[in-house]
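Asker: Residue numbers (numbering that gives the first Met the number 0), protein chains in the order written: chain A, 0 to 338; chain B, 0 to 338.
A couple of the hints might just be wrong.
Treat identical chains as interchangeable: a pair holds within one or across any two.
As the list claims (entries may be wrong) - Calculated cross-link-like contacts (lysine-lysine; reagent style BS3-like; alpha-carbon spacing at most 27 Å):
1. Lys116 with Lys216
2. Lys170 with Lys68
3. Lys24 with Lys120
4. Lys216 with Lys266
It is worth saying that the hints were derived from the structure and are not from the lab.
Protein chains: 2
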Amino acid sequence: MSVDYQIHDLGNLTLQRGATIRDCKLAYKTYGQLSAAKDNVIVYPTWYSGQHYDNEWLIGPGRALDPAKYFIIIPNMLGNGLSSSPSNTPEPYNGPRFPQVTAYDNVRAQHRLVTEKFGIKHIRLVVGWSMGALQTFHWGALYPDMMDLLAPFCGSAKCSRHNYVFLEGVKAALTADAAWKEGWYTDKPARGLRAAARVYAGWGFSQAFYREQLDIKTLGYSSLEDFLVAFWEGFFLPKDPNNLLTMLWTWQHGDISDNEIYNGDFKAALRAIKAKAYVMPGQTDLYFPPEDSKFEVENMPNAKFVAVPSIWGHFAGGPGTNPVDVDFIDSKLKELLAS
Amino acid sequence: MSVDYQIHDLGNLTLQRGATIRDCKLAYKTYGQLSAAKDNVIVYPTWYSGQHYDNEWLIGPGRALDPAKYFIIIPNMLGNGLSSSPSNTPEPYNGPRFPQVTAYDNVRAQHRLVTEKFGIKHIRLVVGWSMGALQTFHWGALYPDMMDLLAPFCGSAKCSRHNYVFLEGVKAALTADAAWKEGWYTDKPARGLRAAARVYAGWGFSQAFYREQLDIKTLGYSSLEDFLVAFWEGFFLPKDPNNLLTMLWTWQHGDISDNEIYNGDFKAALRAIKAKAYVMPGQTDLYFPPEDSKFEVENMPNAKFVAVPSIWGHFAGGPGTNPVDVDFIDSKLKELLAS
Chain A
0 MSVDYQIHDL GNLTLQRGAT IRDCKLAYKT YGQLSAAKDN VIVYPTWYSG QHYDNEWLIG
60 PGRALDPAKY FIIIPNMLGN GLSSSPSNTP EPYNGPRFPQ VTAYDNVRAQ HRLVTEKFGI
120 KHIRLVVGWS MGALQTFHWG ALYPDMMDLL APFCGSAKCS RHNYVFLEGV KAALTADAAW
180 KEGWYTDKPA RGLRAAARVY AGWGFSQAFY REQLDIKTLG YSSLEDFLVA FWEGFFLPKD
240 PNNLLTMLWT WQHGDISDNE IYNGDFKAAL RAIKAKAYVM PGQTDLYFPP EDSKFEVENM
300 PNAKFVAVPS IWGHFAGGPG TNPVDVDFID SKLKELLAS
Chain B
0 MSVDYQIHDL GNLTLQRGAT IRDCKLAYKT YGQLSAAKDN VIVYPTWYSG QHYDNEWLIG
60 PGRALDPAKY FIIIPNMLGN GLSSSPSNTP EPYNGPRFPQ VTAYDNVRAQ HRLVTEKFGI
120 KHIRLVVGWS MGALQTFHWG ALYPDMMDLL APFCGSAKCS RHNYVFLEGV KAALTADAAW
180 KEGWYTDKPA RGLRAAARVY AGWGFSQAFY REQLDIKTLG YSSLEDFLVA FWEGFFLPKD
240 PNNLLTMLWT WQHGDISDNE IYNGDFKAAL RAIKAKAYVM PGQTDLYFPP EDSKFEVENM
300 PNAKFVAVPS IWGHFAGGPG TNPVDVDFID SKLKELLAS
């Protein structure tokens, strides 16, 4: 089977929490051409369970992320099934033995891709949705001199306690299924995946989204139950449970200051971000509420708070679900890139 | 074993959806003395999984609900383990065969208690938290000439679509456990109960509650994980799963207009409520957001919108968890009772 993406071989990748992934693979895809001066680079990390395909909605001719102008790199997150993951790693680090990976580990690996593979020294923009925003913040804090611009949207620089609790619910629902077998499943724990999907459904979109019946009136599902089955269960069922749990752990432990540079000083890590940033929460996002973004912006030297005026909850940010929100985000990225 | 409550025998109770509970029991407790004129009555229904004990935090000397002045009746909801429930009903309607009960059924049964048992013709106030608020709205719509005052807090007259989805997540988590056995469990499905508890944890309190670490700083838990285990799992584990699922169904299908009087016309049912009402949502309640209360108030002829200024989410309303909120609600009830 031919694939449409490339692999950067990281060799033995020693992780922040101590384990080493042997022969670690970073899957990525690029769009557009790297200029001779290597000054047209955009890095655009993936989100929870997403793969590079799921990021493409923001890229295109006439868009801010226009491949005619920019060289756009989408690195796949470790654990997402394309980069090294529980589902594709050989024994003994396969399945539930796949090690704990942090956003720090991911961004360190992405930095190697950008520098080792392409010889890139400077990045114009790092941008990402949700866990992609978490990685975007990490880029800014870990390599503050490397980029001009940052645009994290519908995400945070540190997993909040409430967000952590929401994810505990998703995890508990998935792992309540006996077929999960502590990760050593032989058959898909479908009941657990469906339960996780239903838990997620209340969080993904806002109260107002459901009140206005946008699942039916805009997205075209035939009923609320049809939306829960076709959209939500359909979204979770094809995904590998151990991959989901690996990325969930990454998300829960995301924190730009949890490393040897900032030693847990979150404000110091925010202050260190030099890039001009548009921090763009969804106005009705239930797990990345605008209040958390405001705190980040207040502590970043060169950031602007730009709420996405939308009742689409977390999905104001992606993945291209609502065209109106896509246009809003695209216009803000154009503004940022023009500055 | 002696009990501290009474049983009103409802005989054969035919339910709105068609089934009949034979020898149906309504458990209740009263506080204070019924006056000779029978004009000092307060009805105070229970909430999801709560029993009359769990309502007592709002009752006491010097409180609005003062037993020295009022005759307070707490009827236990059908399915709550004291009134007829899956856990205490004999074959063949036991366990998962316990029929679907609506809030309409509950309030019809409570009306029989109030009139048949006590000969009460007029009620001063109906008040309730959460599903207790749902029943309070039902009292107002089903018996509009019977009471002076209504005070539903942190609840709604109709289960919103988003609230329905949140409950789908709780249900899916509980029933993902193979030990649940479609309701024919022999051993407690502890894993499912714990999962349901963790799902609920993110909804019960607000983002700000967790951000401010009130679980530790105010409630005194030793860590977030301690709060999830000791408070949340501890809350769910003792409860009967079929009882929980019965009440969850009642909640999801709550709607004051879903009956032969209003035939689904929600605005007409709201307009029919004659009582002076304080509708009091929690300002940060994630599943009964103030917007839904505003809609209700706008369509009720004699209602006032009174948001509880609290970051305690749904628990701004109860069950007595935050003394500041208790005082606020108590003061508003005093104001209402004085009018």
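Asker: All hints, please: hold or fail.
Answerer: Hint check results:
1. Lys116 with Lys216: Neither way: Lys116 and Lys216 sit 46 Å apart in one copy and 49 Å across, limit 27 Å.
2. Lys170 with Lys68: neither (41 Å within a copy, 50 Å between copies)
3. Lys24 with Lys120: within (22 Å within a copy, 76 Å between copies)
4. Lys216 with Lys266: between (43 Å within a copy, 22 Å between copies)
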